[in-house]
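Engineer: Spelled out, the chains give:
There are 2 protein chains.
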Amino acid sequence: MLIVQKYGGTSVGNPERIKNVARRVCRAKEEGHDVVVVLSAMSGETDKLIALAAQITDSPDPREMDMLVSTGERVTIALLAMAIHALGHKAQSFTGRQAGILSDSVHTKARIEKITANRIREAISEGKIAVVAGFQGINEKSDVTTLGRGGSDLTAVAVAAALAADFCDIYTDVDGVYTTDPNMVPQARKIGKISYDEMLEMASLGAKVLQTRSVEFAKKYNVPVRVLSSFNDNPGTLVTKEDADMEKVVVSGVAYDKNQAKVTLLGVPDKPGVAATIFNTISGANIVVDMIIQNVSEGGLTDMSFTVPKTDSKKIMEVMKKLVAEIGAKDVNIKEEIAKVSIVGAGMRSHSGVAAMMFTALAKEGINIMMISTSEIKISCVIDSKYTELAVRVLHDTFELEKAA
Amino acid sequence: MLIVQKYGGTSVGNPERIKNVARRVCRAKEEGHDVVVVLSAMSGETDKLIALAAQITDSPDPREMDMLVSTGERVTIALLAMAIHALGHKAQSFTGRQAGILSDSVHTKARIEKITANRIREAISEGKIAVVAGFQGINEKSDVTTLGRGGSDLTAVAVAAALAADFCDIYTDVDGVYTTDPNMVPQARKIGKISYDEMLEMASLGAKVLQTRSVEFAKKYNVPVRVLSSFNDNPGTLVTKEDADMEKVVVSGVAYDKNQAKVTLLGVPDKPGVAATIFNTISGANIVVDMIIQNVSEGGLTDMSFTVPKTDSKKIMEVMKKLVAEIGAKDVNIKEEIAKVSIVGAGMRSHSGVAAMMFTALAKEGINIMMISTSEIKISCVIDSKYTELAVRVLHDTFELEKAA
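Residue numbers (my numbering), protein chains in the order written: chain A, 1 to 405; chain B, 1 to 405.
Do not take every clue at face value.
In this list, chains with the same sequence are indistinguishable; a pair is considered to hold if it fits within one copy or across any two.
When the alpha-carbon atoms are kept at most 25 Å apart in a straight line, the in silico BS3-like pairs for lysine-lysine are as follows [to be verified]:
(1) K248 x K315
(2) K190 x K248
(3) K364 x K310
(4) K90 x K141
(5) K109 x K90
(6) K48 x K19
(7) K141 x K128
(8) K403 x K114
(9) K193 x K321
(10) K220 x K403
(11) K220 x K128
(12) K403 x K315
(13) K190 x K315
(14) K141 x K114
(15) K364 x K403
(16) K322 x K128
Read the hints as simulated data drawn from the structure, not as lab findings.
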């Protein structure tokens, strides 16, 4: 088999851990597999480089920022190649450029356009373990680019797709994807297999195991991804295309997100074009809106609520106060003590009554639902943040997630 | 004018110092010059990376070592480009590869084969300040190579040669080349102008202002090099081709070196091939011999002395003890408390009696000379190390080096 293994910053955080990764890599090689390794920078290193730049200037040039922060992965790939040599195996490190990772020119958040991977193929055919720098590529001018936070996951999945690898193994500090946060619900169970779409809903809802773009990429090119721990040998979670088994499971997991704030505009004139004005103004301020609800209109006036990242609270209120006057609304208010709790499951497509079960369970505990949004495989409710833990536990119980599928 | 400026690790040792360098660079630009900057890594960074590798393995692969240590210069070029932007000038950083620095494949001590510098020329024509990573290049496989300790000096001189720059300014923590160590002789005077050959003798004798290979390169391509301080605006020392002025000066400087040890083989059979055996054995052990003297033979036996770096003392004695038995010599001993004191001057070529003056001056102070070696523009004496300061002061006095040339 051809396996791509990706190790994050914590897994390569110091020389001892790098040696530990080398042992894992060599074990896979000794089991007869061809192995390509993708690495992040040592944990903390990228932040240290960003802090250096901040001491120089408030607005660093993006091209120079990429030149700066792309050094962290070059350090770890060189050290891991050395550690593999010390264990008696052949290995060679490759920068993004040497791996043939070609991207667009949007520095600090470039998108991969093509992966040639010629030198990686050559190394594999020579029996070498290829060690590739994550997070980086080059543009058509041959300048270094970086792929944004969590970009090493994307490198791993993209390299796996280019090489048609059998598995892309993402090693991290947790040993898989859980039905919910085990710190909140001790009965949380590791999920053996999950679909790309479910993983996307879980990830974008705040279960930060895999970078969202890397899951989208895996889905597009049908790359089987395994989430594993670099600190133990437990079986992990396989992220793959939806199959008949998965459809039987109505709810796969419960996610939560405490990083949103709810903004309500009161007494908005209910006429065509007002909603467009409001959300154009918000996107013009570079603020990302998540959920939106509009109440039934009464006497030509309506109330409208939406959620934005809590970090944008101050900015959104400045923008909204101007807008209230402009559109002739009555007032605006913001509530930060909210949480979004969601159930995710591919089986929802073919099961009815799931939403009703969720609302009933929350109502029984006296938890008021402020906003609701649904997709084909997800139902999210915004509630008072003080009920987060209670809601997550109740939903985990209601859908019997502690039982193996 | 087109000026190449090179700043060492101390000059870019922290963000404040990088900003200081940016101000100097911008000043030269504002004076109307085209400027190319070559940088070392922040002081200590390269050693930190080497220490990381040492925690992984005792014998790191040279290719991977170059991948690792070449990151330090990428950090400083990105930061300096940002700092120049902050001062309102255009700047762009270039790795060794992007600057077109092509080398052979001898990793960790590669030699520059060619410099294309196309992107640097382009940047200059666009009014940009080009900021180039010192110490690194790429080989024909497009792998990163490094040029050995002090390699950034070489990058600067080579880039200056490729661009036919008017000056290559080497900024360091001293403000020029002195007639001798000012810490030892307060009357030491900064030399305004010195020839490449004199500088080579000074450098290889331990006056570590410029890397030896970079001076050889400057001589070959006739690059005018100025040694300047990055911490003040004092006029520095111009290193250039020999001219009539320089020939008038008999002695330009007094150098000393306390890092050698003297090995003596006693009772060596004086027959053909013995010297060859001895020095082949030493070079086989990768020990560099500096001076060699052989006494007059008596009764078919001779004594032979040579100097080696003090750091090789232990190794040379192991090698020699075996050899003594092999060649039938009587014994071997080593003396570490020695120093080499040298006078250097282009004018020696056309002046006689210089050696006699030197020996007389040392004799007057009761300093015994153990070994002598001479070149066209240099005379070196090995003496007891306790007399080093005295010898240097006396020679500085004797040749009246405190007086301006």
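Engineer: Indicate, hint by hint, whether the structure satisfies it.
Structural biologist: Right, here's what the structure says about each hint:
no. : hint        : verdict
1   : K248 x K315 : neither (44 Å within a copy, 74 Å between copies)
2   : K190 x K248 : within (17 Å within a copy, 86 Å between copies)
3   : K364 x K310 : neither (29 Å within a copy, 84 Å between copies)
4   : K90 x K141  : between (32 Å within a copy, 18 Å between copies)
5   : K109 x K90  : between (33 Å within a copy, 23 Å between copies)
6   : K48 x K19   : both (23 Å within a copy, 18 Å between copies)
7   : K141 x K128 : between (30 Å within a copy, 17 Å between copies)
8   : K403 x K114 : neither (42 Å within a copy, 67 Å between copies)
9   : K193 x K321 : neither (47 Å within a copy, 69 Å between copies)
10  : K220 x K403 : neither (31 Å within a copy, 79 Å between copies)
11  : K220 x K128 : neither (29 Å within a copy, 42 Å between copies)
12  : K403 x K315 : neither (44 Å within a copy, 69 Å between copies)
13  : K190 x K315 : neither (39 Å within a copy, 59 Å between copies)
14  : K141 x K114 : both (15 Å within a copy, 21 Å between copies)
15  : K364 x K403 : within (22 Å within a copy, 98 Å between copies)
16  : K322 x K128 : neither (61 Å within a copy, 42 Å between copies)
Figure legend: structure checked against the earlier numbered hints; hints not met, in rising order: 1, 3, 8, 9, 10, 11, 12, 13 and 16.
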